[in-house]
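Going down the list, the protein sequences come from chains A and B.
All residue numbers for the first sequence refer to my numbering, where the first residue is 15 and numbers rise by one.
All residue numbers for the second sequence refer to my numbering, where the first residue is 15 and numbers rise by one.
Possibly wrong hints are sitting among the right ones.
Note: identical chains are not told apart, hence a pair may lie in one copy or across any two.
[As the list claims (entries may be wrong)] Once the Cα atoms are required to be at most 30 angstroms apart in a straight line, the calculated DSS-like pairs of lysine-lysine come out as:
{"#": "1", "residue 1": "72", "residue 2": "129"}
{"#": "2", "residue 1": "76", "residue 2": "94"}
{"#": "3", "residue 1": "129", "residue 2": "94"}
{"#": "4", "residue 1": "72", "residue 2": "166"}
{"#": "5", "residue 1": "165", "residue 2": "208"}
{"#": "6", "residue 1": "208", "residue 2": "166"}
{"#": "7", "residue 1": "236", "residue 2": "72"}
{"#": "8", "residue 1": "215", "residue 2": "236"}
{"#": "9", "residue 1": "236", "residue 2": "208"}
{"#": "10", "residue 1": "262", "residue 2": "76"}
{"#": "11", "residue 1": "262", "residue 2": "275"}
{"#": "12", "residue 1": "236", "residue 2": "166"}
{"#": "13", "residue 1": "231", "residue 2": "216"}
I should point out that these hints are in silico values taken from the structure, not numbers from a laboratory.
There are 2 protein chains.
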Amino acid sequence: MSQIIDGKSLAAEIDAQTMVETEQLKQNGITPHLVVILVGEDGASQIYVRNKERRAQKLGIKSTVIKMDSDTTEKELLAKIHELNQDVDVNAILVQMPLPKQIDEFKVIMAIDPKKDADGFHPVNVGRLFENEIAQTPVACTPQGIMEMFKKYQISLDGKNAVVVGRSTIVGKPMAALLLNANATVTVVHSHTKDLKEITKKADILVVATGIAHFIKADQVKDGAVVIDVGMDRDENGKLTGDVDFEKVQEKASFITPVPKGVGPMTISMLMKQTIDLTRWSV
Amino acid sequence: MSQIIDGKSLAAEIDAQTMVETEQLKQNGITPHLVVILVGEDGASQIYVRNKERRAQKLGIKSTVIKMDSDTTEKELLAKIHELNQDVDVNAILVQMPLPKQIDEFKVIMAIDPKKDADGFHPVNVGRLFENEIAQTPVACTPQGIMEMFKKYQISLDGKNAVVVGRSTIVGKPMAALLLNANATVTVVHSHTKDLKEITKKADILVVATGIAHFIKADQVKDGAVVIDVGMDRDENGKLTGDVDFEKVQEKASFITPVPKGVGPMTISMLMKQTIDLTRWSV
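Only chain A is shown next, with the shape it has when bound in the complex (with noise of 0.2 angstroms):
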């Protein structure tokens, strides 16, 4: 039987120190402002920008959510990137994905000054990442926060076998490289994948984002691996649940995250300790 971990719980405890840091930045005279550019009208994206906006007011950071048309061009998205690099009082902006299909969305992430990169996805920032050069450099919320997690738990990842499932911008290759910087022996794995499940059975920590539902499955787990499940998928009756199967994983695994509550809170409490870390460095 794993020990489960309680993301929700540690994300309270890093909102609980960024909403220290967000005070003696105020009273330093210098309010943290994040700024989030939510364009057209996707559903989950509006819920997104909300819960973001709400945990920045929650922490006491400045939050400004700058909604745009659908049928924005992309001169117009970037000339509104432009101007929020040059606002003194912006500190971090977001655009959140997907944009819509007239915007080329790594157009729009070149653009972001790297500076007020909140996602950390401007290359120079997924680059400094896999040069293993990250003094003052943001990087992606979802897989550093798996870090923290990794860290709260004291697992060691040191020469550690380490699989990760999925290659995505966002999630997979920013994980990779904090996994490989933490000198763990790196396997990235996707849906070219020969005999997945020879290459997962091997994992000691296995961070799992496919976006399918129960994707990974008790077989494919190594008795004693630390289990990091980053899907948000629905069940079959519309339940929230993650990639691993989670009732049966966990009767193998060392440590194991559950959906919800484990990986998802996590990821926008660093966006906001990101925000906090991108004013204190631009100070």
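Since chain A is already given, all that's left is putting chain B on it; use the hints.
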């Protein structure tokens, strides 16, 4: 018995193409110009720089070597790079590593205009590589040369199990990114890895960049594997050799690169090709 990948011939083919493209640029009034900065008196670095200069001259590429004293300050070097960044006559800049210890190598890499980054080491270029957004992006020359070998010998990568031994910024990490972008399953192993043999024995594609002579023996290689040896080591008799025990491993591999005449000759050829690419992209 394996097929030997002839890096020397392939490098000559690439050079021939680069020469044609250089001539075309010149006919349009553009002379590609590579500037190499050499700081200090390191013997190996002097040879590398001379080889680059000669190759450039042979292919019709304008080449300038700037020699700076070993007591050059970081500030002086950064000022020189800034000057070259501004110079419209310069298309590609390379600072020969290693640098004297008073100079922070990463700061130097960060200072080079990413659009003139001959080595492809600037984090914004590294980040683009990892985000698989490599249009008009320079990429580290050694792994790029290895990708040319795969292409030339029609070695498919999609779904293959690729293992990269070594995690340097120059070879291991960009190699991992290129293999992942080509849909291979990628594992990066390094000095902290346990059970290295168990992992290398599963590799369909094995790229070795450890700098340790004959680090990989036949019993660590799968039958039919493609083995790429990035090493440039000296054996006990001072003879140039690789990271792979070539004599024994060639009996198991399907393809193998020799040392010398394998990966080595490709690196300078890719640097010249990249100089031309940077020139074309800047027009």
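The hints, checked one at a time:
Taking CA atoms no more than 30 angstroms apart as the test, residue 72 paired with residue 129 passes inside one copy only; the shortest distance there is 24 angstroms, against 43 angstroms between copies. Proximity of residue 76 to residue 94 under the C-alpha cut-off of 30 angstroms is restricted to the intra-copy arrangement: shortest distance 19 angstroms within a copy versus 42 angstroms between copies. For a Cα distance limit of 30 angstroms, the shortest separation of residue 129 from residue 94 qualifies both inside one copy, at 16 angstroms, and across copies, at 25 angstroms. Only within a single protomer do residue 72 and residue 166 lie at most 30 angstroms apart by alpha-carbon distance; the minimum there is 24 angstroms, versus 58 angstroms between protomers.
Proximity of residue 165 and residue 208 under a CA criterion of 30 angstroms is satisfied inter-copy only: 21 angstroms between copies versus 32 angstroms inside one chain copy. Within a single copy, residue 208 and residue 166 get their C-alpha atoms only as close as 34 angstroms, which misses the 30 angstroms cut-off; across copies the closest is 24 angstroms, which meets it. Proximity of residue 236 and residue 72 under a CA criterion of 30 angstroms is satisfied in neither setting, with 40 angstroms inside one chain copy and 56 angstroms between copies. Taking the shortest Cα distances, residue 215 and residue 236 sit within 30 angstroms of each other both inside one copy (5 angstroms) and across copies (20 angstroms).
For a Cα distance limit of 30 angstroms, the shortest separation of residue 236 from residue 208 qualifies both inside one copy, at 18 angstroms, and across copies, at 16 angstroms. Taking the shortest Cα distances, residue 262 and residue 76 never come within 30 angstroms of each other, neither inside one copy (43 angstroms) nor across copies (65 angstroms). When the C-alpha separation of residue 262 and residue 275 is checked against a cutoff of 30 angstroms, the pair qualifies only within one copy, where the shortest distance is 18 angstroms, while the shortest distance between copies is 53 angstroms. When the C-alpha separation of residue 236 and residue 166 is checked against a cutoff of 30 angstroms, the pair qualifies only within one copy, where the shortest distance is 22 angstroms, while the shortest distance between copies is 39 angstroms.
Within a single copy, residue 231 and residue 216 get their C-alpha atoms as close as 14 angstroms, and across copies as close as 23 angstroms, so both meet the 30 angstroms cut-off.
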